[in-house]
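Protein chains: 2
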Amino acid sequence: MPFDTVAIVGVGLIGGSIGLALKERRLVRTVVGIGRSAASLRLAKRRGAIDRGTTQVARGVADADLIVICTPVDSIPDRIVEASASCTSQAILTDTGSTKAQIVYGVERHLRDRRTFVGSHPLAGSEKSGVAASRADLFDGRVCVVTETERTARRPLAIVTQFWRSLGSRVLRMEPEAHDEALAYTSHLPHLVAAALSILLPEEYKEVVATGFRDTTRIAASDPDLWSAIFLDNAEPMLQALGGYERVLGEFRQALKARDGQRIKRLWSRSYAKRRHLDRTGENGEGD
Amino acid sequence: MPFDTVAIVGVGLIGGSIGLALKERRLVRTVVGIGRSAASLRLAKRRGAIDRGTTQVARGVADADLIVICTPVDSIPDRIVEASASCTSQAILTDTGSTKAQIVYGVERHLRDRRTFVGSHPLAGSEKSGVAASRADLFDGRVCVVTETERTARRPLAIVTQFWRSLGSRVLRMEPEAHDEALAYTSHLPHLVAAALSILLPEEYKEVVATGFRDTTRIAASDPDLWSAIFLDNAEPMLQALGGYERVLGEFRQALKARDGQRIKRLWSRSYAKRRHLDRTGENGEGD
Numbered sequence: 001m002p003f004d005t006v007a008i009v010g011v012g013l014i015g016g017s018i019g020l021a022l023k024e025r026r027l028v029r030t031v032v033g034i035g036r037s038a039a040s041l042r043l044a045k046r047r048g049a050i051d052r053g054t055t056q057v058a059r060g061v062a063d064a065d066l067i068v069i070c071t072p073v074d075s076i077p078d079r080i081v082e083a084s085a086s087c088t089s090q091a092i093l094t095d096t097g098s099t100k101a102q103i104v105y106g107v108e109r110h111l112r113d114r115r116t117f118v119g120s121h122p123l124a125g126s127e128k129s130g131v132a133a134s135r136a137d138l139f140d141g142r143v144c145v146v147t148e149t150e151r152t153a154r155r156p157l158a159i160v161t162q163f164w165r166s167l168g169s170r171v172l173r174m175e176p177e178a179h180d181e182a183l184a185y186t187s188h189l190p191h192l193v194a195a196a197l198s199i200l201l202p203e204e205y206k207e208v209v210a211t212g213f214r215d216t217t218r219i220a221a222s223d224p225d226l227w228s229a230i231f232l233d234n235a236e237p238m239l240q241a242l243g244g245y246e247r248v249l250g251e252f253r254q255a256l257k258a259r260d261g262q263r264i265k266r267l268w269s270r271s272y273a274k275r276r277h278l279d280r281t282g283e284n285g286e287g288d
Numbered sequence: 289m290p291f292d293t294v295a296i297v298g299v300g301l302i303g304g305s306i307g308l309a310l311k312e313r314r315l316v317r318t319v320v321g322i323g324r325s326a327a328s329l330r331l332a333k334r335r336g337a338i339d340r341g342t343t344q345v346a347r348g349v350a351d352a353d354l355i356v357i358c359t360p361v362d363s364i365p366d367r368i369v370e371a372s373a374s375c376t377s378q379a380i381l382t383d384t385g386s387t388k389a390q391i392v393y394g395v396e397r398h399l400r401d402r403r404t405f406v407g408s409h410p411l412a413g414s415e416k417s418g419v420a421a422s423r424a425d426l427f428d429g430r431v432c433v434v435t436e437t438e439r440t441a442r443r444p445l446a447i448v449t450q451f452w453r454s455l456g457s458r459v460l461r462m463e464p465e466a467h468d469e470a471l472a473y474t475s476h477l478p479h480l481v482a483a484a485l486s487i488l489l490p491e492e493y494k495e496v497v498a499t500g501f502r503d504t505t506r507i508a509a510s511d512p513d514l515w516s517a518i519f520l521d522n523a524e525p526m527l528q529a530l531g532g533y534e535r536v537l538g539e540f541r542q543a544l545k546a547r548d549g550q551r552i553k554r555l556w557s558r559s560y561a562k563r564r565h566l567d568r569t570g571e572n573g574e575g576d
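These protein sequences, in sequence, are chains A and B. Numbered according to this note's numbering, the first sequence terminates at residue 288, and the numbering increases by one at each position without gaps. Numbered according to this note's numbering, the second sequence terminates at residue 576, and the numbering increases by one at each position without gaps.
Check each hint, because a few of them may be wrong.
[As the list claims (entries may be wrong)] Quick list of simulated restraints, FRET-style, between CB atoms:
#1 B:Glu492 with A:Arg29: 40 to 48 Å
#2 B:Glu492 with A:Gly106: 21 to 29 Å
#3 B:Ala446 with A:Ser37: 56 to 64 Å
Treat the hints as calculated values from the structure; they're not laboratory data. Since this is a predicted model, take the numbers as computed values, not measurements. C-beta: ideal position from N, C-alpha, C; glycine also.
For reference, chain A alone in the conformation it holds in the complex (with noise of 0.2 Å):
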């Protein structure tokens, strides 16, 4: 087996479904689960996401060979210092969140021993949040960016590297900024577009909601503490990147103002040529 010991801090729908995917994939022989709350721990052992539990971050880190921070991103590094604090010197650790920037770098200013962490983003995930959504293939055929600045020691790397594959994930390196530039129009923009919308509409027009609606609004039931610290975060970015959604949106305002037929429809015809693209080159695996 790749690994011993995997201890996973927050045991949600990211590090159920990682403690899922190892077991049942044999690739470990024991994952410990660090959470707050013991009835979590609890529901993810009787998963099978877990062998057993701890609430302690120093307990559940001393035995491991890899440890994987899967909490809020505000709350990422700290988790990662503190577990860098109590477990072995040849221990790699790595996160999950959805901004690297801020995680990364403050980590490498941080962190007692900088050859120890590489950052990830494992391009899965769901509206919904916690161990009972998690599932072992959550991972399978999806992108996984880990990280590479010019700290990133080698042995690290490539261990992260071959973690994620060995989930079944298709892994891409990326600098800390240029994930998170380009995650603000992929992902961060999008549930700042679905949440407007979500926002917006007014009650009495609920019963003429259409499918439509509903899918473009799905992320808007995203979780608002998780979404709102990746805002937070990762803010410059979607600073730049909703500049330029409002733009496209002033060229179709101007166009329906002026009831200018063709420029609407060229405006369509972009949007349809863009997004029919995107799914014949749908490598990623990605539609459940």
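Following the hints, complete the assembly by docking chain B onto the known chain A.
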């Protein structure tokens, strides 16, 4: 059987699904399909959506009790006037357009006998189009808006209402303007929002597109001709909705600029509560 002959003008996704549903539920003896392309009429016949097809409106509607116009919104008024010139005086006409004021008032101004027409809009559809995508259960459990104006006559209103109910839909009666204002928020603005996201996506970020982006932009792959006609028809209500939407985006922008985590979280909490509520009140039966 409630109908002897139903004529469907425009045998695409919606028209084809009406034909399939009528036949499967044994509500009609004969379905006549009227289309511009002999090839797609042959396909509709092979799929069992129509019994016979013709490219001539006058011939197709001659024997019909009910005529359903399922063409793009910008050609519906002309097709209704054309059909009404060739049908019997007992025939009832309706349409399936996604906008209602332009169509209904346009028809009321030009129709030989106004007492024969009532507007409809089944809230069902897909980003797919064409008879190949049609399904017998497309309207089952969905809402269908049937319009009522001061000129609407009782008999066609009752027949068209019963028609949609017999396909499994829940009928809501609305004035055309009220329909268009509501649909601007629940369907047309979501399409604009999704199209703008699709247009904005930088080519180089395609590799890190996640499920959220795909869901949020699914309707960005809708047919450009159909949707530019809908936008043009409903420009004024859409501009109103877009103005409100841009104000909500502005609230997010201000909160992001100020790095105000509490404000961001309050916005997310509103989005979450409203979107969850929509799921719990999913009596519209959607979500395939």
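Structure-based check of all given hints:
| no. | hint | in the structure |
| --- | --- | --- |
| 1 | B:Glu492 with A:Arg29: 40 to 48 Å | holds (41 Å) |
| 2 | B:Glu492 with A:Gly106: 21 to 29 Å | holds (27 Å) |
| 3 | B:Ala446 with A:Ser37: 56 to 64 Å | holds (58 Å) |
The earlier numbered hints are all upheld by this structure, with none contradicted.
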